[in-house]
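One letter stands for each residue in the lines below.
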Amino acid sequence: MKAKVYITPKAGILDPQGLTIERSLPALGFEGVSNVRVGKYIELELPDGEAAGAAVDEMCHKLLANPIIEDFEFELVTE
Amino acid sequence: MTTSPQTEVTPVRFGVVVFPGSNCDADSYDAVRSFAGADARYLWHKDTEVEELDCIILPGGFSYGDYLRCGAIARFSPIMNSVKRFADGGGLVIGICNGFQILLEAGMLPGAMHQNEGLKFVCKQVHLRVENNETPFTAGYEPGQVIAVPIAHHEGNYFIDETGLAELEANGQVVVRYCDEQGETTPASNPNGSLGNIAGVCNRERNVFGLMPHPERVCDEIVGGTDGRAVFESMISAVAGKAAASR
Numbered sequence: 001m002k003a004k005v006y007i008t009p010k011a012g013i014l015d016p017q018g019l020t021i022e023r024s025l026p027a028l029g030f031e032g033v034s035n036v037r038v039g040k041y042i043e044l045e046l047p048d049g050e051a052a053g054a055a056v057d058e059m060c061h062k063l064l065a066n067p068i069i070e071d072f073e074f075e076l077v078t079e
Numbered sequence: 001m002t003t004s005p006q007t008e009v010t011p012v013r014f015g016v017v018v019f020p021g022s023n024c025d026a027d028s029y030d031a032v033r034s035f036a037g038a039d040a041r042y043l044w045h046k047d048t049e050v051e052e053l054d055c056i057i058l059p060g061g062f063s064y065g066d067y068l069r070c071g072a073i074a075r076f077s078p079i080m081n082s083v084k085r086f087a088d089g090g091g092l093v094i095g096i097c098n099g100f101q102i103l104l105e106a107g108m109l110p111g112a113m114h115q116n117e118g119l120k121f122v123c124k125q126v127h128l129r130v131e132n133n134e135t136p137f138t139a140g141y142e143p144g145q146v147i148a149v150p151i152a153h154h155e156g157n158y159f160i161d162e163t164g165l166a167e168l169e170a171n172g173q174v175v176v177r178y179c180d181e182q183g184e185t186t187p188a189s190n191p192n193g194s195l196g197n198i199a200g201v202c203n204r205e206r207n208v209f210g211l212m213p214h215p216e217r218v219c220d221e222i223v224g225g226t227d228g229r230a231v232f233e234s235m236i237s238a239v240a241g242k243a244a245a246s247r
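Residue numbers (my numbering), protein chains in the order written: chain A, 1 to 79; chain B, 1 to 247.
Just chain B, with the same shape it has in the complex:
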């Protein structure tokens, strides 16, 4: 009799970093834990141990009160050295809203944020077009798929110089763009003045992703949508797929 070894399914382990002033940490934690194949734990910003994790989430909020510039102080938190090392080793890191701003300030993603063009804090549902689904964060979407995800920020006006922009475009690092319901990237569908309607970018290696919209807030019908689920599903599949391949 042959026994096929029952492959043990270990959950994909997420760490959610909590900075002083983070306020989307619980949403991210709950979103992750709504997936059968995933588990989450919080990481305090003074922690340095990230070893046993597969994915790290830098959540939204107002770390360090947004003093000086959004994310400028958080990038010096002790945990950020570990997050950098983790990313350098190929671990998946996603920064949402303030988390995106921190990744930019830390130089882990290219570009910078400044104030929204309209000078106002914008809190509303927007549409995004998935520009690149060949990333561990968006593989669960169709190319060009239009999804509805909320934004809530005051400094989401993405900027990068011309050379940087050309590189982003050439490498497929623009992952999501603001668009209208039909998927057209019009000036009217750009909520904050971001260059090229850019809502989210990844690094060249595609294991670090930052976006201003909040996929973790649309992971359950009860809160108005599920269009964000595929971000976490994609991450879980990417990690689980890699684990299966190495067995």
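Pulled out of the complex, with its shape left as it was, chain A reads as follows:
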């Protein structure tokens, strides 16, 4: 199965990239956009099974995300 992992800066943590994007959007005519947050999207494939969710969760905690500054969520997709 496939896991789709979304990693974003934790709420309250300054995201300089997001802020810069937010500031440049009005220049293109997009007014009123706020809270732009830039994160990462990671796709991976792993063996099907009941343990897959727990495995991905552990991967996120141990490597894919840094829980001190990042939040993560993931979905499992069976193709």
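If you're looking for bench data, these hints aren't it; they were derived computationally from the structure. Note that the structure is a prediction, hence the values are computed from the model and not measured. Positions of the beta carbon are idealized from the N, C-alpha and C atoms, including for glycine. Each hint should be verified, as a subset may be incorrect.
[As the list claims (entries may be wrong)] To be clear about the criterion: a stretch of chain A counts as covered by chain B if any three or more of its residues have a C-beta under 8 Å from a C-beta of chain B, and this derived list gives those stretches:
| hint | segment |
| --- | --- |
| 1 | 13 to 19 |
| 2 | 49 to 61 |
[Stated by the list, open to error] Here are the simulated lysine-lysine pairs, DSS-like style, with alpha carbons at most 25 Å apart:
| hint | chain 1 | residue 1 | chain 2 | residue 2 |
| --- | --- | --- | --- | --- |
| 3 | B | Lys120 | A | Lys40 |
| 4 | B | Lys84 | A | Lys62 |
| 5 | B | Lys46 | A | Lys62 |
[Stated by the list, open to error] Taking beta-carbon pairs under 8 Å as the criterion, some of the chain B residues facing chain A (in silico):
| hint | residue |
| --- | --- |
| 6 | Trp44 |
| 7 | Ala72 |
| 8 | Leu119 |
| 9 | Glu155 |
| 10 | Gly193 |
With chain A fixed as given, assemble chain B onto it according to the hints.
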């Protein structure tokens, strides 16, 4: 006739870890070897033997291409288990720049790094105020001393949550802060947005120290300064002092 046994002075032994992508390893090696009382050797990241060492340096650079997050992959190098054991046993470990990021990712120091506030790689000379000189890394400085040391990084924006910060402050674990020439920790003297102008922290036991600035680059007048020398001098004195005390 009494013979006072000539105490043999063995040099303080430093190991400099070389990860794929390290680029300040040679600077660190040379800085250490410029001291009469010290010797250095390189440790490949796949090595696991660190036994006969007194101090370990995790140098700056771009280990594993900074993939995923700076230091995130290097912390799984075989040598890191040995470095952890070494630190748990009281050995002195200093992480400089990328080495600091690795210590954070490895959980050997509290907090995390993210991108510089200005989004740019910053390479320049900065001033640091020595906040705590009661560590084996800073004993050679005066409390509050202002030193000039270069930085060169893109992810040096130190972050820790409120509780963590309070603990750091209460335990004297904030070792150096970015400041101006007069020693004032102003927003303008903060090159990367680090919380509380924090440039370097140590663990609670004070034998693990990480900092973004590069003391090894200011160990010789010929490269523009010697303000970094006291870091290595302090480490050498700490080890030599301990050895003398146990004799």
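Problem - Agreement of Lys46(B) and Lys62(A) with the hint, judged by alpha carbon distance not exceeding 25 Å - result: 20 Å, holds
Problem - Hint consistency between Lys120(B) and Lys40(A) [alpha-carbon to alpha-carbon, up to 25 Å] - result: 19 Å, holds
Practice task
Would you settle whether the hint for Ala72(B) is holds or violated, based on the nearest Cβ-Cβ distance to chain A being less than 8 Å?
Solution key: With a closest approach of 7 Å, the Ala72(B) hint holds.
Exercise for the section: Verify the coverage statement for the segment 13 to 19 of chain A against chain B, using a C-beta to C-beta distance below 8 Å and requiring 3 or more qualifying residues. Expected result: It holds, with 4 qualifying residues against the three required.
Exercise for the section: Take a quick look at whether Lys84(B) and Lys62(A) sit within 25 Å of each other, Cα to Cα. Expected result: Holds, because 17 Å separates the two Cα atoms, which is no more than 25 Å.
Problem - Closest C-beta approach of Glu155(B) to chain A relative to 8 Å, hint status - result: Hint violated; Glu155(B) Cβ to chain A Cβ min 11 Å, cut 8 Å.
Problem - Restraint check, 8 Å cut-off on beta carbons, for Trp44(B) near chain A - result: 22 Å, violated
Handout entry: Interface hint status, Leu119(B) versus chain A (Cβ within 8 Å)
Key = Holds: closest Cβ of chain A sits about 5 Å from Leu119(B), inside 8 Å.
Problem - Given coverage of the segment 49 to 61 of chain A by chain B, checked by CB-CB distance under 8 Å (3 or more) - result: violated (count 0)
Handout entry: Gly193(B) as chain A interface residue, shortest Cβ-Cβ below 8 Å
Key = 7 Å, holds
Checked against the numbered hints listed earlier, the structure breaks hints 2, 6 and 9; every other hint is satisfied.
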